[in-house]
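Asker: Protein sequence lines, in the order shown, are assigned to chains A and B.
For the first sequence, position 321 (counting from the first letter as 1) is numbered 321 according to my numbering, and the numbering increases by one without interruption.
For the second sequence, position 60 (counting from the first letter as 1) is numbered 60 according to my numbering, and the numbering increases by one without interruption.
You may find that some hints are simply not true.
[To be verified] Calculated pairs, SDA-like style, for lysine to any residue (alpha carbon to alpha carbon, straight line, at most 25 Å):
(1) LYS156/B / GLY135/A
(2) LYS156/B / PHE7/A
(3) LYS156/B / LYS372/A
(4) LYS156/B / ASP129/A
(5) LYS156/B / ASN9/A
(6) LYS113/A / GLY153/B
(7) LYS156/B / SER157/A
(8) LYS176/A / ARG149/B
(9) LYS113/A / PRO151/B
(10) LYS156/B / ARG6/A
(11) LYS372/A / ASN357/A
(12) LYS174/A / PRO151/B
(13) LYS174/A / SER157/B
(14) LYS156/B / ASN406/A
(15) LYS156/B / GLU152/A
(16) LYS156/B / ASN357/A
(17) LYS176/A / PRO151/B
[Stated by the list, open to error] Partial chain B-side listing against chain A, Cβ under 7 Å, derived:
(18) GLY13
(19) ALA31
(20) ARG44
(21) TRP127
(22) THR169
[To be verified] One side of the interface only, derived from the structure: several residues of chain A facing chain B at Cβ under 10 Å:
(23) LEU15
(24) SER22
(25) LEU23
(26) ALA27
(27) LEU30
(28) THR34
(29) ARG40
(30) ASP153
(31) GLY156
(32) ASP239
(33) ASP322
(34) SER324
(35) PHE387
(36) ARG402
If you are wondering where the hints come from, they were derived from the structure by calculation, not from laboratory data.
C-beta atoms are modelled at their ideal positions from N, C-alpha and C, and glycine is treated no differently.
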Amino acid sequence: MTSFQRFENRIPMLLEDLAVPSLPDYADDLFARTAATRQRAEWTFPERWLPMSTITTRLAAAPRIPWRLGVALALLVAAAIIGLIIAGSRVTRVPLPFGPASNGLIPYMSNGKLYVGDLASGKTRLLVDAAGDQGQPVFAPDGTRVAFVRLEDLNGSLTTNIYVIRPDGSGTVKIKSPEPIFDTDRVWFGWTPDSRHVAIIHAVNSVNQLDLFDASGNGSVQRISAAAGLTDLAFRPPDGREVLFRAAVRDSTGTISYGLYVMNADGSNVRALAQPAVPTETLDLTSATYTPDGKRIFFNRWTDDASAGDPGCCQLYVMNADGSDQHEFIQNTGTAWDGDAAVSPDGTRVAFWHNPNDRPSHGLFVVSADGKGPLIETGPALTSIQFKVWAPDSSKILMYPRDASNTPAYVLDPAGGPWTITPWTQDNDIDWQRLAPPA
Amino acid sequence: MDQRGLVERAREGDHDAFAVVAGAALARLDAAARLILRDRELARDAVQEALIRAWRDLPGLRDPERFNAWLYRLTTHACLDLARRRRRRVHEVELTPMTEPFSGDTSSDVAERELLDEALRRLEPEWRAVVVLHYFVGMPLPEVASELRIPLGTAKSRLHRSLGVMRITLEAAGELGPAAVPGGQVA
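Here chain A stands alone, though its shape is the one from the complex (with noise of 0.2 Å):
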């Protein structure tokens, strides 16, 4: 044994040695303080990608008017029509960005590798097999390319990194980004409806901004600072046109509140579609997506509804895109929680996480999108909120139970049938490339 290997041997001991574990004095203040601090119900934990400091740091300005914006936006807007005009002109077909499609390949993280995998054969392809950590793949809209996220040290701090491949396994082109994101920095990423950018939300000085970044890998990028302060986005379909966000707003007094905003494609013409109501609840005006045509906004609310025996948490609400008509999707306010709506993309059946008050556990339910009629549960029973992706085509639902990891997904029948499994496990991010329908 040589010399360093001894002091090696003797490390754990020195450790303690140099930080001695003793009760701290500050122990009985911070269980008071943990005592005058509510606890979350098991599945209301919105930080699905979002790491701590997005979740309790994150503090931001007022959503600005944007004078000086929007040409950026406007440029892009109409390169995403001419995009999918040209697309449509191809002989390789792509489908829309939104609405109904042909199910492709599912992209999956297994061990740190990335995949694809065809449900129907269940035969798979090792796309990535670099090393480092590989996460989040994300098809872009027209199926051509995926997304993913690869932390890289950079004078050892963790920096997001993103890359674009082809499902063929050819073509890899990082994203280049003109200043170096942190991991702990990133809040969300996914495509433009145009498929030619890649959209990040990221803390800068302790502010999230919104980055365009164009997926050929050529450096271009455009920040959208009407944005300013957003947690998450989705973009109004048919076209993209306009941009629904959600941003931390600071009053007068510092406190935090959440509102929904949506904007122009161009950064012009900011407005409020939910004013901020419920301070510092970072669980309110979550999930905000659109229905495929456009028309409605299912979103989270948070409730402080004591019958329900919890602190609060959610219920689905949904509401016309200009805002109006705000209200409970499913009246069931008092009997049970609910959240996190994806809407099929014909557009006909919206699937949720649904947790009555009278039983123990909860899972996925899918209804009617004008919620009428019955509430069907699919899959098994979830002890935890789930992660899911309607098959393009709306004939499944692809699942994850938020608390699983390296397992199967679950492969559900919107209609309440039997559930099957993946041929494969994978982690928990999910997603199902879209490929132009039939002519």
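Add chain B to chain A, keeping to what the hints say.
Answerer: Chain B alone, transformed into the frame defined by chain A:
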């Protein structure tokens, strides 16, 4: 009542149970945070942030047996968040010397501890986190990687590089002989 039972009670809203199980871990959480951050006040902030979050989110903890590992994960991430925020603010983390009381040391112990202290200061907090979770908390490297959300290869690399810094520090202080090189010659 055993820890699992206490965690289950805490998960159902029993704050007294939480105070018992979290209190039992508090001293070592605080020590781990001090090792990672090298700053008592920051460590205090990190532990408080982590435990408040732990209490708030405890109903979402599926496996009570993972309670302690979960606390270390929350604390470590709180440490790294604080370190990063501070690093951005002042461009570099100010490393505060540790002045822990101790007794019964031999001069060799003191020397090694001081050298380890110096070596730790040279490491980025993310590296120190790997060292602390592995050597101080006693986590196997795959678990360290899992808790830090980094690939196992990255965890191994960080530990290896951290040990390299320690080796250099010790060599510079004359505590080690020169490094052996392949072939049996001395570098």
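Asker: Could you run down the list of hints and mark each one as holding or not?
Answerer: For each hint, the structure was consulted:
Restraint check: the Cα-Cα separation between LYS156/B and GLY135/A comes to about 20 Å, which is no more than 25 Å; the hinted pair holds. With a CA separation close to 18 Å, the supplied pair LYS156/B and PHE7/A stays within the 25 Å bound. A threshold of 25 Å between alpha carbons decides the hint, and for LYS156/B with LYS372/A the separation of about 55 Å lies outside it, so the pair is violated. With a CA separation close to 18 Å, the supplied pair LYS156/B and ASP129/A stays within the 25 Å bound.
Taken as a hint, the LYS156/B and ASN9/A pair is honoured in the structure, with Cα atoms around 17 Å apart against an allowance of 25 Å. This hinted pair checks out: LYS113/A and GLY153/B have alpha carbons roughly 13 Å apart, not beyond 25 Å. Taken as a hint, the LYS156/B and SER157/A pair is honoured in the structure, with Cα atoms around 15 Å apart against an allowance of 25 Å. At most 25 Å may separate the alpha-carbon atoms for a hinted pair to count; LYS176/A and ARG149/B meet this at roughly 23 Å.
In summary, the hint linking LYS113/A to PRO151/B is supported, as the alpha carbons are separated by about 11 Å, within the 25 Å threshold. Straight-line distance between C-alpha atoms of LYS156/B and ARG6/A comes to about 19 Å, which keeps the hinted pair within the 25 Å bound. Distance hint between LYS372/A and ASN357/A is fulfilled; the C-alpha atoms sit about 21 Å from each other, no more than 25 Å. Taking the CA atoms of LYS174/A and PRO151/B, the gap is near 20 Å; set against the 25 Å cutoff, the hint holds.
Of the supplied pair hints, the one linking LYS174/A and SER157/B holds, its CA atoms being roughly 23 Å apart against a limit of 25 Å. Restraint check: the Cα-Cα separation between LYS156/B and ASN406/A comes to about 21 Å, which is no more than 25 Å; the hinted pair holds. Pair hint LYS156/B plus GLU152/A holds up; C-alpha atoms about 14 Å apart against a cutoff of 25 Å. Annotation: proposed proximity of LYS156/B to ASN357/A is violated, straight-line Cα distance about 46 Å (limit 25 Å).
Distance check on the hinted pair: LYS176/A and PRO151/B sit about 22 Å apart at the alpha-carbon level, within 25 Å; holds. Annotation: interface hint on GLY13/B holds; nearest CB of chain A at approximately 6 Å, less than 7 Å. Given hint, ALA31/B at the interface with chain A, holds; its Cβ is 4 Å from that chain's nearest Cβ, closer than 7 Å. Here the hint on ARG44/B is kept, as its CB sits about 6 Å from the closest CB of chain A, short of 7 Å.
This hint holds: TRP127/B has a C-beta 6 Å from the nearest C-beta of chain A, less than the 7 Å allowed. For THR169/B, the interface hint is violated, since its Cβ never comes within 7 Å of a Cβ in chain A; the closest pair sits about 10 Å apart. The interface hint given for LEU15/A is met, as the beta carbon of that residue sits about 4 Å from the closest beta carbon of chain B, less than 10 Å. Proximity of SER22/A to chain B holds as hinted, the smallest CB-CB distance being about 5 Å (cut-off 10 Å).
Taking 10 Å as the C-beta contact cut-off toward chain B, the hint placing LEU23/A at the interface holds, the least distance being around 5 Å. Interface restraint check for ALA27/A: the shortest CB-CB distance to chain B comes to about 6 Å, inside 10 Å, so the restraint holds. Residue-level restraint check for LEU30/A holds (minimum Cβ-Cβ distance to chain B is 5 Å; threshold 10 Å). Because the beta carbon of THR34/A sits about 4 Å from the nearest beta carbon in chain B, less than 10 Å, this interface hint is met.
Residue-level restraint check for ARG40/A holds (minimum Cβ-Cβ distance to chain B is 6 Å; threshold 10 Å). Using the Cβ-Cβ criterion of 10 Å, the hint placing ASP153/A at the interface with chain B is satisfied: the shortest such distance is roughly 7 Å. Annotation: GLY156/A was flagged as interfacial toward chain B, and the flag holds, the nearest CB pair being 3 Å apart, inside 10 Å. Nearest Cβ of chain B to the Cβ of ASP239/A: about 37 Å, over the 10 Å cut. The hint is violated.
Checking ASP322/A against chain B: minimum C-beta separation of about 36 Å lies over 10 Å; hint violated. Below 10 Å, beta-carbon pairs count as interface contacts, and SER324/A has none with chain B, the closest being about 35 Å; its hint is therefore violated. With its C-beta approaching chain B no nearer than about 15 Å, PHE387/A sits outside the 10 Å limit, and its interface hint is violated. Hint status for ARG402/A relative to chain B: holds, with the closest Cβ pair at about 8 Å, below 10 Å.
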